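Following the hints, complete the assembly by docking chains B and C onto the known chain A.
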Amino acid sequence: MDNARIDRIIESHGGEASSLIQVLLEIQGENRWLPREALKRVSDRLQVPLSRIQHIATFYKTFSLSPRGRHEVHICMGTACHVRGATRVLDAVQDLIGIGPGDTDLNLRFSLDTVNCLGCCALGPVMKVNGKTHGKLSPAEAVEVLKSYE
Amino acid sequence: MARLSSPEELEKFRQEAISMRDPARLCVSVCAGSGCVATGAGEVIAALGAELRKQGLEGEVDLKRTGCHGFCEKGPIVVIAPEEICYLEVTPEDIPEIVSATLKEGRVVERLLYVDPSTGERVTREADIPFYKHQERLVFGANRTIAPESIEDYLAIAGYQALAKALFEMTPEQVIAEVKEAHLRGRGGGGFPAGVKWEVAREAPGEPKYVVVNCDEGDPGAYMDRSLMEGNPYRVLEGLMIGAYAIGAHEGYIYIRQEYPLAVENLCGAMKRAEEHGLLGKNVLGSGFDFHVKLHRGAGAFVCGEETALLMSLEGKAGEPRARPPYPAVRGLWAKPTCINNVETWANVPLIINQGARAFTSIGTEGSKGTKIFSLVGKINNTGLVEIPMGMTLRDIIYKIGGGIPGGKKFKALQTGGPSGGCIPEELLDLEVGFDELTQAGSMMGSGGMIVMDEDTCMVDVARYFIHFLTDESCGKCLPCREGLRQMHKILSNITEGRGKESDIELLEELSETAAEASLCALGKTAPNPFRSTLRYFKGEYEAHIKEKRCPALYCKELISYYIDPEKCQACGRCLRECPAEAIDGGKKMIHIVDQEKCTKCGSCLEVCPPRFSAVRKISGEPVPPPIPEDQRAIVRKSKKQ
Amino acid sequence: MSEVRLQIDGKDVVTREGATILEAARSAGIFIPTLCHHEKLEPYGGCRICIVEVELRGATTLVVSCVHPVEDDLVVRTRSERVDRIRKTLLELMLAHAPDSPPLQELAVEYGADKDRFEKEASFCIHCGLCVRYCAEVVKKNAVGFVERGTRKEIAFIPEIAARECPTCKECLPLCPTSYLQAAFVLTEAFAFRSVSSEAAPEE
Chain A
1 MDNARIDRII ESHGGEASSL IQVLLEIQGE NRWLPREALK RVSDRLQVPL
51 SRIQHIATFY KTFSLSPRGR HEVHICMGTA CHVRGATRVL DAVQDLIGIG
101 PGDTDLNLRF SLDTVNCLGC CALGPVMKVN GKTHGKLSPA EAVEVLKSYE
Chain B
1001 MARLSSPEEL EKFRQEAISM RDPARLCVSV CAGSGCVATG AGEVIAALGA
1051 ELRKQGLEGE VDLKRTGCHG FCEKGPIVVI APEEICYLEV TPEDIPEIVS
1101 ATLKEGRVVE RLLYVDPSTG ERVTREADIP FYKHQERLVF GANRTIAPES
1151 IEDYLAIAGY QALAKALFEM TPEQVIAEVK EAHLRGRGGG GFPAGVKWEV
1201 AREAPGEPKY VVVNCDEGDP GAYMDRSLME GNPYRVLEGL MIGAYAIGAH
1251 EGYIYIRQEY PLAVENLCGA MKRAEEHGLL GKNVLGSGFD FHVKLHRGAG
1301 AFVCGEETAL LMSLEGKAGE PRARPPYPAV RGLWAKPTCI NNVETWANVP
1351 LIINQGARAF TSIGTEGSKG TKIFSLVGKI NNTGLVEIPM GMTLRDIIYK
1401 IGGGIPGGKK FKALQTGGPS GGCIPEELLD LEVGFDELTQ AGSMMGSGGM
1451 IVMDEDTCMV DVARYFIHFL TDESCGKCLP CREGLRQMHK ILSNITEGRG
1501 KESDIELLEE LSETAAEASL CALGKTAPNP FRSTLRYFKG EYEAHIKEKR
1551 CPALYCKELI SYYIDPEKCQ ACGRCLRECP AEAIDGGKKM IHIVDQEKCT
1601 KCGSCLEVCP PRFSAVRKIS GEPVPPPIPE DQRAIVRKSK KQ
Chain C
2001 MSEVRLQIDG KDVVTREGAT ILEAARSAGI FIPTLCHHEK LEPYGGCRIC
2051 IVEVELRGAT TLVVSCVHPV EDDLVVRTRS ERVDRIRKTL LELMLAHAPD
2101 SPPLQELAVE YGADKDRFEK EASFCIHCGL CVRYCAEVVK KNAVGFVERG
2151 TRKEIAFIPE IAARECPTCK ECLPLCPTSY LQAAFVLTEA FAFRSVSSEA
2201 APEE
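Chains as they are written, first to last, in the working numbering: chain A, 1 to 150; chain B, 1001 to 1642; chain C, 2001 to 2204.
Just chain A, same shape as in the assembly:
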């Protein structure tokens, strides 16, 4: 992501230091991860120490400091999904793609994350792939869904 684009995002927030999280959210939204160079640029422009930016970029779950896979898999671990067997779905997905929550595989095919509640409790257990919701999944069905993503 080039500096001009980052500068435009910062300007759209009035260049205020308090808008730091909103600025990082927009960069994450467009670029899907936060390269260190981008953090340095934000630090310079907003006059916020890099140490604080690094804390924020690792404190909040939305941010990623490394490139993401082509397909983003989110498995809901909310309570409703949990009592309906989300752990078994997660186990099956981990076995299939060989990575744990928070990781991206080396071929950048999948990034796997758990989320605390997607608010689709009627559909539990729920898995979201690239924004599309798959509900009422058995472990075997979750595996079938993921096999269709290259």
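No lab work stands behind these hints, which were simulated from the structure alone.
Treat the numbers as computed from the prediction; the structure is a model and nothing was measured.
Any given hint could turn out to be false.
[Stated by the list, open to error] Distance condition first, Cα-Cα at most 30 Å in a straight line; then the derived DSS-like pairs of lysine-lysine:
1. Lys-1557(B) with Lys-2120(C)
2. Lys-1064(B) with Lys-1294(B)
3. Lys-2115(C) with Lys-1490(B)
4. Lys-1282(B) with Lys-1180(B)
5. Lys-40(A) with Lys-1294(B)
6. Lys-1054(B) with Lys-132(A)
7. Lys-2120(C) with Lys-1539(B)
8. Lys-2170(C) with Lys-40(A)
9. Lys-136(A) with Lys-1064(B)
10. Lys-1547(B) with Lys-2088(C)
11. Lys-1336(B) with Lys-2040(C)
Just chains B and C, lined up with the frame of chain A:
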């Protein structure tokens, strides 16, 4: 659109909006809350649009995309006014028939109606469905009549009437007095009287003052704030502005989870339209009162629901709570008096101003007035959002509204109050819902999650699950929360994995005390609740795990084995094909056997074993019977024997 | 600024409004143990070891003295059975990280804390935050900061800043109650300083 600059202009505009609506006109409303969108509401709406054109009804019938109706179990939901015919689980394939039969000929499509499972009768009108019939939808009910992009829809149902009343007929002190008299308690978890908080903020020295909407709804299994924000953002804004006027604030912030994109979108649209109509911004309704609001998206941290952490986040910092006192109402955002309430609390304010404190307090219990929205989820037939008068019993919520437990299973516990809430057992189901009542039972109201658990749920695992959640979401600033929860999670994991020791319970109790007494914020202080309440009501399950290495609910993976009953196995081969670990040995007309060494306990075999055989079962706390000898594995068909 | 009168361990204490209980106690010569407190820094309230029992209008509660403001008629007890029990557990939780830390060992003797009560953790850091806060508030270089949250929270040097500022400063090193900061600094120096000093070097 010219800005409305007096209450008279508002009334005139409202009357125009109402007069342009023909109550007899056909209007198809499709629930487009996140739950229904996930089940395909978008496709249903697209199909409806196309079908109306195709069958020549475009312009004759209104099509409305509304917020969440609440009955998420049966989405996508389509309601056809004026008769309020309610169709459930609608797919795009159903649309041609709905258009040709119902919209053109006035015939009801029977197969899409709700069927009462107890009587087998079909229910046509939405309000007659038992799920809705027992609710009192004072705050949430408007969702189904409003298209979030239409401020006219909101005005047509007396929207902004309360704001006009507050601004032109009441002093700020009178507004506060009314809210205090209504005894409105915070719906976000704490249950602190909102009027008292407002008064403190009004009287606290320091300018400017701020008002904040807390829409960082992070409790897993709770989504009522999202649905209110998605479906009726105007109402939240109206409540917020009344509060701002009462406190003397001219700036507000709405803190909303990044994970709720539709709520963000609908709120942004509502803010824009309110501003265009003079209902937000400078000189609101010509009253001289200015109010500006900013949206702040949360970046994913449960702890930011805690008000001081939320303020840190608004200031662009990591969401680590700070010590209270001073309370935010005295020293909050940028060290100025700041009043933070959650979405549902703000949404109750217009109701109180319109109808008066007396009407509000006529509903509820001694200590809890008005209604509360709960999200009823888990092992329940009718998953969804329910709004009930305070004082309804838990049993009525679960059985009358929720329709009981699916699959003929036995109820075990109701978990309320989010991760730091507690589990309420069967014997307390006649408890009346209220802030103090739930706290006395060892749980809490929290933001309103109600997760139903049945006999298949292990209560030790539930405690482990919540403590794990909180370990993950702890900000890490203070020691009793960060390190105490880390140790509690390790001990609980040991217990569920069969490595529990008898001294563990005492150690967990000590760590609970430390976290509850010494933590910096409410997250840590309430974190031991899931352990404490499950120990209080389900001690036997802890003892079974620790002493007998047995999971009574047959849930904990390390303590169970899957076993194929040789008497029942019919060698259908389903489990053999489905087993991802190749742990099943079998063949044609040969009794199948689970290789316990290879089994990963994924449960696929149990799931696929046809119910008429029911050969696979789970065993815990006792040894698995040895595999049947090879020479006895051949199956002799019963039919041949007879 | 008006005065506040309170009682600490039976002794009448007069202090300024807005002071913390810890400040009032120290001004009266009463000892309360602390680990994350530093006079040059803003009160933090992280380690919670300075917890005390307070009584006001008949209600007894536990508060953390380094951040809790004084009030008239407050009755403070710096030791009690409950306070000692909680301090003991807090120490045991810290000793799981840093069993050999001298200040922790000293307090462990006083409160009867068992350093082997909990399984040992990999990191020595007890997250008092003295290094991070000192660098930000006093030296104003922000060369060391926190990363992550909850049980994954750690301190981390920012190589770009540390390479430039730390070699001539190192004021934070003696503040660390365990040896973790020293170790983290040495590791950063060994692995990251060179790569940031030559612009051409790729990240990490």
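Pair hint Lys-1054(B) and Lys-132(A), alpha-carbon separation not exceeding 30 Å: holds, 29 Å
Pair hint outcome, Lys-2120(C) versus Lys-1539(B) [Cα-Cα no greater than 30 Å]: Within the cut-off at roughly 29 Å; holds.
Restraint check for Lys-40(A) with Lys-1294(B), where alpha carbons must lie at most 30 Å apart: Distance of about 26 Å is within 30 Å: holds.
Straight-line alpha-carbon gap Lys-1336(B) to Lys-2040(C), limit 30 Å: holds, 24 Å
Lys-1557(B) paired with Lys-2120(C) [C-alpha distance capped at 30 Å]: holds, 26 Å
Holds or violated: Lys-1064(B) to Lys-1294(B), with C-alpha atoms at most 30 Å apart: Between Lys-1064(B) and Lys-1294(B) the Cα gap is close to 28 Å, so the pair holds against 30 Å.
Restraint status (C-alpha distance of Lys-136(A) to Lys-1064(B) at most 30 Å): holds, 28 Å
Pair hint Lys-2170(C) and Lys-40(A), alpha-carbon separation not exceeding 30 Å: holds, 24 Å
Restraint status (C-alpha distance of Lys-1547(B) to Lys-2088(C) at most 30 Å): holds, 29 Å
Hint consistency between Lys-2115(C) and Lys-1490(B) [alpha-carbon to alpha-carbon, up to 30 Å]: holds, 17 Å
Holds or violated: Lys-1282(B) to Lys-1180(B), with C-alpha atoms at most 30 Å apart: holds, 28 Å
When each numbered hint is compared with the structure, no violation occurs for any of them.
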